[in-house]
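This is what each chain is made of:
Number of protein chains: 4
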Amino acid sequence: MSSTIIKVRGYHLDLYGHVNNARYLEFLEEARWAMIEEKIDLGELKERGIGMVVVNINIDYKLPAGLGAVLQVTSRISRVGSKSATVEQSITEKRTGQLIAGALVTFVVIDINSQKVKTLDESLRKLLQMFN
Amino acid sequence: MSSTIIKVRGYHLDLYGHVNNARYLEFLEEARWAMIEEKIDLGELKERGIGMVVVNINIDYKLPAGLGAVLQVTSRISRVGSKSATVEQSITEKRTGQLIAGALVTFVVIDINSQKVKTLDESLRKLLQMFN
Amino acid sequence: MSSTIIKVRGYHLDLYGHVNNARYLEFLEEARWAMIEEKIDLGELKERGIGMVVVNINIDYKLPAGLGAVLQVTSRISRVGSKSATVEQSITEKRTGQLIAGALVTFVVIDINSQKVKTLDESLRKLLQMFN
Amino acid sequence: MSSTIIKVRGYHLDLYGHVNNARYLEFLEEARWAMIEEKIDLGELKERGIGMVVVNINIDYKLPAGLGAVLQVTSRISRVGSKSATVEQSITEKRTGQLIAGALVTFVVIDINSQKVKTLDESLRKLLQMFN
Numbered sequence: 019m020s021s022t023i024i025k026v027r028g029y030h031l032d033l034y035g036h037v038n039n040a041r042y043l044e045f046l047e048e049a050r051w052a053m054i055e056e057k058i059d060l061g062e063l064k065e066r067g068i069g070m071v072v073v074n075i076n077i078d079y080k081l082p083a084g085l086g087a088v089l090q091v092t093s094r095i096s097r098v099g100s101k102s103a104t105v106e107q108s109i110t111e112k113r114t115g116q117l118i119a120g121a122l123v124t125f126v127v128i129d130i131n132s133q134k135v136k137t138l139d140e141s142l143r144k145l146l147q148m149f150n
Numbered sequence: 019m020s021s022t023i024i025k026v027r028g029y030h031l032d033l034y035g036h037v038n039n040a041r042y043l044e045f046l047e048e049a050r051w052a053m054i055e056e057k058i059d060l061g062e063l064k065e066r067g068i069g070m071v072v073v074n075i076n077i078d079y080k081l082p083a084g085l086g087a088v089l090q091v092t093s094r095i096s097r098v099g100s101k102s103a104t105v106e107q108s109i110t111e112k113r114t115g116q117l118i119a120g121a122l123v124t125f126v127v128i129d130i131n132s133q134k135v136k137t138l139d140e141s142l143r144k145l146l147q148m149f150n
Numbered sequence: 019m020s021s022t023i024i025k026v027r028g029y030h031l032d033l034y035g036h037v038n039n040a041r042y043l044e045f046l047e048e049a050r051w052a053m054i055e056e057k058i059d060l061g062e063l064k065e066r067g068i069g070m071v072v073v074n075i076n077i078d079y080k081l082p083a084g085l086g087a088v089l090q091v092t093s094r095i096s097r098v099g100s101k102s103a104t105v106e107q108s109i110t111e112k113r114t115g116q117l118i119a120g121a122l123v124t125f126v127v128i129d130i131n132s133q134k135v136k137t138l139d140e141s142l143r144k145l146l147q148m149f150n
Numbered sequence: 019m020s021s022t023i024i025k026v027r028g029y030h031l032d033l034y035g036h037v038n039n040a041r042y043l044e045f046l047e048e049a050r051w052a053m054i055e056e057k058i059d060l061g062e063l064k065e066r067g068i069g070m071v072v073v074n075i076n077i078d079y080k081l082p083a084g085l086g087a088v089l090q091v092t093s094r095i096s097r098v099g100s101k102s103a104t105v106e107q108s109i110t111e112k113r114t115g116q117l118i119a120g121a122l123v124t125f126v127v128i129d130i131n132s133q134k135v136k137t138l139d140e141s142l143r144k145l146l147q148m149f150n
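Chains as they are written, first to last, in the working numbering: chain A, 19 to 150; chain B, 19 to 150; chain C, 19 to 150; chain D, 19 to 150.
It is worth saying that the hints were derived from the structure and are not from the lab. Honestly, I wouldn't trust all of these hints.
To be verified - Okay, derived cross-link-like pairs now, DSSO-like style, lysine-lysine, Cα gap no bigger than 27 Å in a straight line:
| hint | chain 1 | residue 1 | chain 2 | residue 2 |
| --- | --- | --- | --- | --- |
| 1 | C | Lys-136 | B | Lys-112 |
| 2 | C | Lys-80 | D | Lys-134 |
| 3 | A | Lys-64 | D | Lys-112 |
| 4 | B | Lys-57 | C | Lys-25 |
| 5 | A | Lys-80 | B | Lys-64 |
| 6 | D | Lys-144 | A | Lys-57 |
| 7 | C | Lys-134 | D | Lys-64 |
| 8 | B | Lys-25 | C | Lys-101 |
| 9 | D | Lys-80 | C | Lys-64 |
| 10 | C | Lys-64 | B | Lys-112 |
| 11 | B | Lys-80 | A | Lys-134 |
| 12 | D | Lys-25 | A | Lys-25 |
| 13 | B | Lys-112 | A | Lys-80 |
| 14 | C | Lys-136 | D | Lys-101 |
| 15 | D | Lys-112 | C | Lys-80 |
| 16 | D | Lys-101 | C | Lys-101 |
| 17 | C | Lys-80 | D | Lys-101 |
| 18 | C | Lys-112 | D | Lys-134 |
| 19 | D | Lys-64 | A | Lys-25 |
| 20 | A | Lys-112 | D | Lys-64 |
What the hints assert, rightly or not - Derived DEER-like restraints, expressed as beta-carbon distance ranges:
| hint | chain 1 | residue 1 | chain 2 | residue 2 | range |
| --- | --- | --- | --- | --- | --- |
| 21 | D | Arg-143 | A | Gly-61 | 48 to 58 Å |
| 22 | C | Ser-100 | D | Arg-113 | 33 to 43 Å |
| 23 | B | Gln-116 | C | Gly-86 | 25 to 35 Å |
| 24 | C | Ser-21 | D | Ser-100 | 36 to 46 Å |
| 25 | B | Glu-55 | A | Gly-61 | 26 to 36 Å |
| 26 | D | Gly-61 | B | Glu-55 | 32 to 42 Å |
| 27 | A | Met-19 | C | Lys-57 | 45 to 55 Å |
| 28 | D | Leu-60 | C | Lys-25 | 44 to 54 Å |
| 29 | B | Gly-35 | A | Asn-76 | 37 to 47 Å |
| 30 | B | Gln-116 | C | Val-135 | 31 to 41 Å |
| 31 | B | Ser-102 | C | Leu-63 | 39 to 49 Å |
Positions of the beta carbon are idealized from the N, C-alpha and C atoms, including for glycine.
This is chain A alone, in the form it adopts within the complex (with noise of 0.2 Å):
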């Protein structure tokens, strides 16, 4: 499981003084980035020409953060279908451990210069798996 920190600022949130919902969606990316980098070279799946597009986002808003809580964002892929993956990623306050929002993103694996999706075989679901 990747875990990545993020601690708010003025400039996350929104009238209310919380943390904007589609500020949450830059967050959980940035944690999917970091997920990515850990295990893979993005340069090398580039060469290989693939790539990843979201076509599903869940997520459940429980609590609000706050300027200066510190965020603590994991991710793990949960589910490796034959056609389409989920990440499974929650975000937590670090100090406090609440749960603020949960998520599942859902995606799939395109060919760059095709753009078509691309059916999950073996060697793609083994890539995938690592993020279990």
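Take the given structure of chain A and dock chains B, C and D to it, following the hints.
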């Protein structure tokens, strides 16, 4: 049903030249604010001490949108429960009619002073059903 | 002079309840895209292999803008030099007429293929002076 | 001098595959928050009713930064006047040492309650000079 037009600009895009996942949530929020102010005086809501807090967003990304795309976001409240309600939103490319993204956004109504969730009583249900 | 209207929403604000500094740069960029497409076919520019790259932004923040403010962004090219040109932009609250922010945005024209800066010759100067 | 590291991700980029102009202002703000909390207890400032408001940003964009770039933002207060002070910030690519952007950010100190600008008296000047 409420409708908002957004033209895709360079700063909306990400490394693939497509509108970024997080940015769509801003487009959806823009459209919800527009929907609300068509029928309700926001100042009045504030005086009544009523706030709305999003608790879940479930968004399907169907097709990418690039520079110059003209996006039409439609919004309506499709469900009013006893504790929460759901806004159904879709984003289509206005000229081609293609569906770009669809989302269900679930929210609760809170009392701003106590920060407690309010039961959706008859008066609140009527208010929300105006957006059906 | 080109003019764009932007209504301030909750997601534009920061912890003080005011539009965040970085967000104003998006408002300015939005207005520059609108200015350009009033008079130029962006596709034509692309075909000619011309791109514009911002090299300096100098922005004065005069007054804060809060939820519901209606901002009018005006833009015109105020200077065309031999190597660079400058867009003068101002953001006012439409209803009160108060100046919220003023900016000078300096850009160069590049050849998209070579990524080299182009001298602003007679033909380019004429193009840019249309926005005076 | 304070230093912050930011890795460029896909969601930071715009249609040219480069970090967007507005996003750099978030990077600068991130680095200013980090600078401040290295030496000052933000809670204490709040108790004293002191806020800082940016009145001018002058930023030079020198070189584009793309996916995977590792940006180092350095910040120090380079000028303390009687009414305003200036933070000098630079963004370099850590591995190549190339200057990506340089900025001067001028701010005033306000009394949060009255929202009035405070003269920078001896006590405030000493506080700000810690960041020289």
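Do the hints match the structure? See the list:
1. C:Lys-136 <-> B:Lys-112: Since the Cα atoms of Lys-136 (chain C) and Lys-112 (chain B) sit roughly 36 Å apart, the hinted pair is violated (cutoff 27 Å).
2. C:Lys-80 <-> D:Lys-134: holds, 13 Å
3. A:Lys-64 <-> D:Lys-112: holds, 23 Å
4. B:Lys-57 <-> C:Lys-25: holds, 17 Å
5. A:Lys-80 <-> B:Lys-64: Since the Cα atoms of Lys-80 (chain A) and Lys-64 (chain B) sit roughly 23 Å apart, the hinted pair holds (cutoff 27 Å).
6. D:Lys-144 <-> A:Lys-57: violated, 47 Å
7. C:Lys-134 <-> D:Lys-64: violated, 48 Å
8. B:Lys-25 <-> C:Lys-101: violated, 31 Å
9. D:Lys-80 <-> C:Lys-64: Holds, at roughly 23 Å.
10. C:Lys-64 <-> B:Lys-112: holds, 23 Å
11. B:Lys-80 <-> A:Lys-134: Status holds; Cα separation ~13 Å.
12. D:Lys-25 <-> A:Lys-25: holds, 15 Å
13. B:Lys-112 <-> A:Lys-80: Outside the cut-off at roughly 35 Å; violated.
14. C:Lys-136 <-> D:Lys-101: Since the Cα atoms of Lys-136 (chain C) and Lys-101 (chain D) sit roughly 42 Å apart, the hinted pair is violated (cutoff 27 Å).
15. D:Lys-112 <-> C:Lys-80: violated, 35 Å
16. D:Lys-101 <-> C:Lys-101: violated, 36 Å
17. C:Lys-80 <-> D:Lys-101: holds, 15 Å
18. C:Lys-112 <-> D:Lys-134: holds, 24 Å
19. D:Lys-64 <-> A:Lys-25: Holds: Lys-64 (chain D) and Lys-25 (chain A) sit about 18 Å apart, inside 27 Å.
20. A:Lys-112 <-> D:Lys-64: holds, 23 Å
21. D:Arg-143 <-> A:Gly-61: 48 to 58 Å: holds, 49 Å
22. C:Ser-100 <-> D:Arg-113: 33 to 43 Å: holds, 35 Å
23. B:Gln-116 <-> C:Gly-86: 25 to 35 Å: holds, 33 Å
24. C:Ser-21 <-> D:Ser-100: 36 to 46 Å: Once the Cβ atoms are compared, 38 Å apart, the range 36 to 46 Å for Ser-100 (chain D) and Ser-21 (chain C) holds.
25. B:Glu-55 <-> A:Gly-61: 26 to 36 Å: violated, 48 Å
26. D:Gly-61 <-> B:Glu-55: 32 to 42 Å: holds, 36 Å
27. A:Met-19 <-> C:Lys-57: 45 to 55 Å: holds, 53 Å
28. D:Leu-60 <-> C:Lys-25: 44 to 54 Å: violated, 32 Å
29. B:Gly-35 <-> A:Asn-76: 37 to 47 Å: With a Cβ separation near 26 Å, Gly-35 (chain B) and Asn-76 (chain A) fall outside 37 to 47 Å, so the hint is violated.
30. B:Gln-116 <-> C:Val-135: 31 to 41 Å: holds, 38 Å
31. B:Ser-102 <-> C:Leu-63: 39 to 49 Å: holds, 48 Å
Consistency note: the structure conflicts with the earlier hints numbered 1, 6, 7, 8, 13, 14, 15, 16, 25, 28, 29.
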